[in-house]
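Residue numbers (the working numbering), protein chains in the order written: chain A, 1 to 224; chain B, 225 to 460; chain C, 461 to 674.
Keep in mind that the hints are not guaranteed to be accurate.
[Claimed, not checked] When the alpha-carbon atoms are kept at most 20 Å apart in a straight line, the in silico SDA-like pairs for lysine to any residue are as follows:
id	chain 1	residue 1	chain 2	residue 2
1	B	K289	C	D531
2	B	K289	C	S530
3	C	K477	C	E518
4	B	K361	A	R20
5	B	K450	C	E518
6	B	K290	C	D531
7	B	K361	B	A280
To be clear, the hints were calculated from the coordinates, so they are not data collected in a lab.
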Amino acid sequence: MSFWGQTFEITRVDLRVERRLGDTLRIVLPFAVVALMVFPLSLGIELAVISRIGPAVFWALGILFGMQVALRQSVADTQERRDLHALLGVDPAARFVGRMMSGSVLMLAFLVVLFIAMVLLYGPILPSGSWSTVLIATVLFSLGLAELGTLAGEVTAGLRNRIALASLIVAPLALPLVIGASQSLEALSRGAGILPWILLMLATDLALAVVGVGLARPLEEATR
Amino acid sequence: MTRIRVLFGVAAAAMAVGLWFALTAPPDSLQGEYSRIINVHVPSLWLAFLAFGVTALGSILWLWKKTQRWDRLASASAEVGVLFTGIGLFSGMVWGNAVWGRAWDWGDPRLSTTAVMFFVYLGYIALRNAVDDPVVKARRSAILGVVAVVQVPLVYFSVNLFRTLHQTQSIRPDGSTMPSEMLFAMLVNVVAFTILYVALMAARIDVARAEETTRKTELLAGDAVKPPKLSEVKDV
Amino acid sequence: MDPLVHLEDAGVSLGGKPVLRHVDFELQPGQVVGIAGPNGSGKTTLIRVLTTLLRIGEGAGSVLGADINSDQVFGVRSSIGMIGHTPALIGELTLLENLVHIARLGGVAEERVDSVLEVVGLDEASDRRADASSFGMRRRIEVAHLLLSKPRLVLLDEATSGLDDSARELINALRDRTVMDGGGVVMVSHDQKQLAETCEEVMVLTSGRVESVQ
Numbered sequence: 001m002s003f004w005g006q007t008f009e010i011t012r013v014d015l016r017v018e019r020r021l022g023d024t025l026r027i028v029l030p031f032a033v034v035a036l037m038v039f040p041l042s043l044g045i046e047l048a049v050i051s052r053i054g055p056a057v058f059w060a061l062g063i064l065f066g067m068q069v070a071l072r073q074s075v076a077d078t079q080e081r082r083d084l085h086a087l088l089g090v091d092p093a094a095r096f097v098g099r100m101m102s103g104s105v106l107m108l109a110f111l112v113v114l115f116i117a118m119v120l121l122y123g124p125i126l127p128s129g130s131w132s133t134v135l136i137a138t139v140l141f142s143l144g145l146a147e148l149g150t151l152a153g154e155v156t157a158g159l160r161n162r163i164a165l166a167s168l169i170v171a172p173l174a175l176p177l178v179i180g181a182s183q184s185l186e187a188l189s190r191g192a193g194i195l196p197w198i199l200l201m202l203a204t205d206l207a208l209a210v211v212g213v214g215l216a217r218p219l220e221e222a223t224r
Numbered sequence: 225m226t227r228i229r230v231l232f233g234v235a236a237a238a239m240a241v242g243l244w245f246a247l248t249a250p251p252d253s254l255q256g257e258y259s260r261i262i263n264v265h266v267p268s269l270w271l272a273f274l275a276f277g278v279t280a281l282g283s284i285l286w287l288w289k290k291t292q293r294w295d296r297l298a299s300a301s302a303e304v305g306v307l308f309t310g311i312g313l314f315s316g317m318v319w320g321n322a323v324w325g326r327a328w329d330w331g332d333p334r335l336s337t338t339a340v341m342f343f344v345y346l347g348y349i350a351l352r353n354a355v356d357d358p359v360v361k362a363r364r365s366a367i368l369g370v371v372a373v374v375q376v377p378l379v380y381f382s383v384n385l386f387r388t389l390h391q392t393q394s395i396r397p398d399g400s401t402m403p404s405e406m407l408f409a410m411l412v413n414v415v416a417f418t419i420l421y422v423a424l425m426a427a428r429i430d431v432a433r434a435e436e437t438t439r440k441t442e443l444l445a446g447d448a449v450k451p452p453k454l455s456e457v458k459d460v
Numbered sequence: 461m462d463p464l465v466h467l468e469d470a471g472v473s474l475g476g477k478p479v480l481r482h483v484d485f486e487l488q489p490g491q492v493v494g495i496a497g498p499n500g501s502g503k504t505t506l507i508r509v510l511t512t513l514l515r516i517g518e519g520a521g522s523v524l525g526a527d528i529n530s531d532q533v534f535g536v537r538s539s540i541g542m543i544g545h546t547p548a549l550i551g552e553l554t555l556l557e558n559l560v561h562i563a564r565l566g567g568v569a570e571e572r573v574d575s576v577l578e579v580v581g582l583d584e585a586s587d588r589r590a591d592a593s594s595f596g597m598r599r600r601i602e603v604a605h606l607l608l609s610k611p612r613l614v615l616l617d618e619a620t621s622g623l624d625d626s627a628r629e630l631i632n633a634l635r636d637r638t639v640m641d642g643g644g645v646v647m648v649s650h651d652q653k654q655l656a657e658t659c660e661e662v663m664v665l666t667s668g669r670v671e672s673v674q
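Assemble the whole structure, with the sequences as input and the hints as a guide.
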């Protein structure tokens, strides 16, 4: 089977498993929406402040809960299943790209719903043209976070404290993504150009993709 | 062992000379005695970058050669690096709080990048502690070492870009206005700290080597299982 | 003829401790070799070396012509089949979906899946989820996998323990077919007598060393 054939097969099965489990939509998303409600309730009802901090809270929660989304598939990746894929002759790079794609799709779905919830709860003032910027930023953010999540998920595979450990690894490295995504929206509302921020995120996504594909073999062997 | 004793001896002497210069150089007219903190702050951060650079190099060489000595180099350097990053950040915050009334400067991309590095390599050490098998440990941490070295420049770049949008000026004074005696004292301390780094590395690598030897002499899994005493089952 | 597997003075350490030491091993095409030994003697570790999934720290070796400590192994892995202690299936998928997934990744024609399911006797249970299936059913899916992919090297690590007679015979049939096709089979068991009945050669491991070859 070709490289892309293997890649899409892995993505397809990952997404089917996630659909049957439903953890992202049934557990992580409601939890994130509850967290959205904490900020206004702890600030007091100051509508101006709430609408001002809305996008910032969205990106902060996006990374915190997005990490759980990014890491949850690799939890299901047991040693036996890794061995099975290896002995089927799956290209380690196809494994990485497939994982990354399914992770991005899940993350994107999660972030879109969370963004809508934020708009409804916080009523942020969004300048015209925001929706396309938000969408581009969210797609690039999802890709990068899924890449980091896959990398961190692999290096912490099978460890007792893996979720906490992987979160510690992902959070500081995700800083360029958080800055890029949040500042593109910020730049738009100030009337500045968004291109540098989009390029920053694009560069981060590409760098991580190159690292992931380049290290695919050691990654595949990470548990052995 | 004597090699390491000599190294630490040289490091202690160099640190003493550095301390003498740090305390005798005339202080900055604006910052007063607080300016002496720079003799700890700058050498610590120099070591942090040197140490994490060595970790990245060790990681790449392990992935290439797969020999454990590169893992020992990378991990020892990460540990020493985290220690000095912590000292560098803390001394910087003490200085900032005293001189410009705020411990943290959001306009300085170096500061934010250093803080990010601190947490990334804390994660690196936590990962190493969580893995038991030396080869698995080496492989996983080498991967993380490479991911980190690719990502850290992007962190620096992103914080720098952030500053341009928000037009925040770094409140830190430019290093070039430093009096030459102070600059000299600082350079002496940079050299002294670097010798200390070499000594700490040599000691840490020795410990890692000793740990590996100890493991090898332990019992095999099967040797630890003794045949059951069947005749005594009824008496237990 | 070149051997399928050749190990010379192989040593493996896990967790920094030696688990296998000075192991010589050879498997010729058409041969069935058994590995016996008490718990913790290194049998499963040796099997993992033969899958090429575990590198050796000392010595040298080749599996299906690939140097086992080089990246050549990536090219031969799809010709190696293993049945290990725990069936490796995706619990959230049905048995049929698991087999289709395996067929697609392995580059096998999907049309053969149905007939193979029939051969292993699971054609009517195929829409059960793997995590809701019994151990024996999941084992049969693994046999179906190897019947589909026809590996040249089949490694059976305690594959028949916990199975009923019909499933056991199924695994024996898989073994016989592999031998007939010119492949090789390595069987691991702690039951040395049972191995002696079916294998041309039985190697006994104790404490990570080869104690005897019969």
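Taking the hints in turn, this is what the structure says about them:
Between K289 (chain B) and D531 (chain C) the CA atoms are separated by roughly 13 Å; this keeps the pair inside 20 Å, and the hint holds. Restraint check for K289 (chain B) and S530 (chain C): satisfied, since their Cα atoms lie roughly 12 Å apart, inside the 20 Å limit. A C-alpha spacing of about 13 Å is found between K477 (chain C) and E518 (chain C), which places the hinted pair at or below 20 Å, so the restraint holds. Of the pairs offered as hints, the one joining K361 (chain B) and R20 (chain A) is violated, with about 34 Å between alpha carbons and a cut-off of 20 Å exceeded.
Taking the CA atoms of K450 (chain B) and E518 (chain C), the gap is about 27 Å. The hint is violated against a cut of 20 Å. About 13 Å separates the Cα atoms of K290 (chain B) and D531 (chain C), which keeps this hinted pair within 20 Å; it holds. Simply put, K361 (chain B) and A280 (chain B) have alpha-carbon atoms about 15 Å apart, close enough for the 20 Å limit, and the pair holds.
Of the hints listed earlier, those the structure fails to meet are numbers 4, 5, in rising order.
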